[in-house]
Amino acid sequence: MDTLLLLAMNGLIWGLIIALIALGLSIIFGLLDIINIAHGDFFMVGTVLAWFTLELTGNFWVAFLAVPLIGFILGALIQRAVIQPIHNVAALSIVATFGLSLILQEGVRITFGTTPRRILPPIQSTFHMFGIDYEIYRLFAALVSLLALAGFFIFLHRTKLGTWMRAVRHDRETAIAMGVPAQRVYVLTFGIGFALAALGGVVAAPITTVEFRTGVDILPFCFMAVIIGGLGNLPGTAAAAVLLAFLEGIIQSFADPTVARISSLVLMSAVLLVRPQGLFKGLTK
Amino acid sequence: MLSLRDVHVHIGKLHILQGVNLEVKPGESAALLGRNGVGKTTTLRAIMGLAPRSRGAIEFESIDLASCPAHEVPRKGIGYVPQGRGIFPNLTVLENLNIGLPGQRDSEREDYVFACFPRLKERLKQSGNTLSGGEQQMLAIARCLMMRPKLIILDEPTEGIMPKLVSQIRREIHRINQTGVSVLLVEQNVETALKLCPRVFLMEKGTIVYSGASHELKSQPEIVHRYLGLTQ
Chain A
1 MDTLLLLAMN GLIWGLIIAL IALGLSIIFG LLDIINIAHG DFFMVGTVLA
51 WFTLELTGNF WVAFLAVPLI GFILGALIQR AVIQPIHNVA ALSIVATFGL
101 SLILQEGVRI TFGTTPRRIL PPIQSTFHMF GIDYEIYRLF AALVSLLALA
151 GFFIFLHRTK LGTWMRAVRH DRETAIAMGV PAQRVYVLTF GIGFALAALG
201 GVVAAPITTV EFRTGVDILP FCFMAVIIGG LGNLPGTAAA AVLLAFLEGI
251 IQSFADPTVA RISSLVLMSA VLLVRPQGLF KGLTK
Chain B
1 MLSLRDVHVH IGKLHILQGV NLEVKPGESA ALLGRNGVGK TTTLRAIMGL
51 APRSRGAIEF ESIDLASCPA HEVPRKGIGY VPQGRGIFPN LTVLENLNIG
101 LPGQRDSERE DYVFACFPRL KERLKQSGNT LSGGEQQMLA IARCLMMRPK
151 LIILDEPTEG IMPKLVSQIR REIHRINQTG VSVLLVEQNV ETALKLCPRV
201 FLMEKGTIVY SGASHELKSQ PEIVHRYLGL TQ
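Here the protein sequences come in this chain order: A and B.
Taking the working numbering, the leading residue of the first sequence gets 1, the next gets one more, and so forth.
Taking the working numbering, the leading residue of the second sequence gets 1, the next gets one more, and so forth.
For reference, chain A alone in the conformation it holds in the complex:
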């Protein structure tokens, strides 16, 4: 029972972190029609930059501000250099972002090395809950993820740029005719997508391993969340990420992690067959 609770809690917290990353993937897909194969590597770059920040400053907390900012700038540069030249053509985006994924992985492998590293949680203490000692940092990670998710949705609905993002996502041409600088919106959106994944990387760095292939495992999970939540449905994507990770956490308490992942794939297949528009279509907007 204790193990079940522990894994369920871990799953829930991991789901919130994945929700952050998947949200970045979803806005990039929803707005730019880009199938971003490199998105898992944006997360990986976030974990590696967190490690470098800790090495350089000796203070992990700096990474919470610095890494998303670096991620935003990198995202904006990548949009201009890689995405803009392919004119948002979905098929080309797969090839371009696959190439980008290889460049990021190899770039990190050359500079960071191949040895997986661990970052100690900046909050070391635990607390006793339902008969188990639980790391406070994990709860902190959940809180940061929740705040970032809430902040993103507030940004989307309360700021001019957020309104422009929603308008361009619906009808780019009309938005331009109304004076919306769509190209700038694209650049900023890609930057925000990278920043969200990088923030996910910082939050997750002390509870996962830091290495150049960390993003490889994350990417399918994010895509499953985007598909189950409904393509372009941002709250649905976040909810699906939490649901999937929570379910995998529970299944892992009595079965192999591979079985848990297979269960997620089965769920995704079922959703595609029964509700191809996504599990949360109609419940969220």
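I should point out that these hints are in silico values taken from the structure, not numbers from a laboratory.
Since we're looking at a predicted model, the values are computed, not measured.
It cannot be assumed that every hint is accurate.
As the list claims (entries may be wrong) - Using 30 Å as the maximum straight-line C-alpha spacing, the simulated DSBU-like pairs for lysine-lysine come out as follows:
| hint | chain 1 | residue 1 | chain 2 | residue 2 |
| --- | --- | --- | --- | --- |
| 1 | B | 121 | A | 160 |
| 2 | A | 160 | B | 76 |
| 3 | B | 164 | B | 121 |
Take the given structure of chain A and dock chain B to it, following the hints.
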């Protein structure tokens, strides 16, 4: 105010506009008429920078619109009401109204558009997709007015609108023109166009084939029949 000189537009291999010449004077109301597929909407899209021209010049108040990106065109003073209204269904009425304003809300301008379309004020928090067709058209025109345009371009503003609301929209377009805003109207409803616009351009196969006063066109039924397929 607005002049198009020998404007050509190619879409893929199709030569859609084949040398359009057109001029709208300050404060004038002009209609662009023609059968389906002759290039009326493409002409408007070319003015807004949405259809890249392969040749020719489009000038607005002596500014070559080729030199500014498409999203800057509304800020130069050209408002556009696209065919099908182009309302963002996922945005509220208020968000739709203010979409083109780069900064804060312009409450003075909001008061003006609510005076023109009082019904919109009652629906500020509603999503665009909850409005009726007529209300969406009012919103599309109001959204243009928020940008304080000097010229407003309307692409079939009465298409698919209840007859009761058509006359209201027609009245508002006339009222907007009376305030000194120039109007360029594309309209399938020839009667509406001729009533609203003292000047008319007829298009055929991507070029302007007739330009003159509306009352003169009314007295030339053979032209009306040839280019619009109507018998008087």
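Results for each hint:
1. B/121 x A/160: At roughly 20 Å apart (the allowed maximum being 30 Å), residue 160 of chain A and residue 121 of chain B satisfy the hint.
2. A/160 x B/76: 20 Å, holds
3. B/164 x B/121: 20 Å, holds
The earlier numbered hints are all upheld by this structure, with none contradicted.
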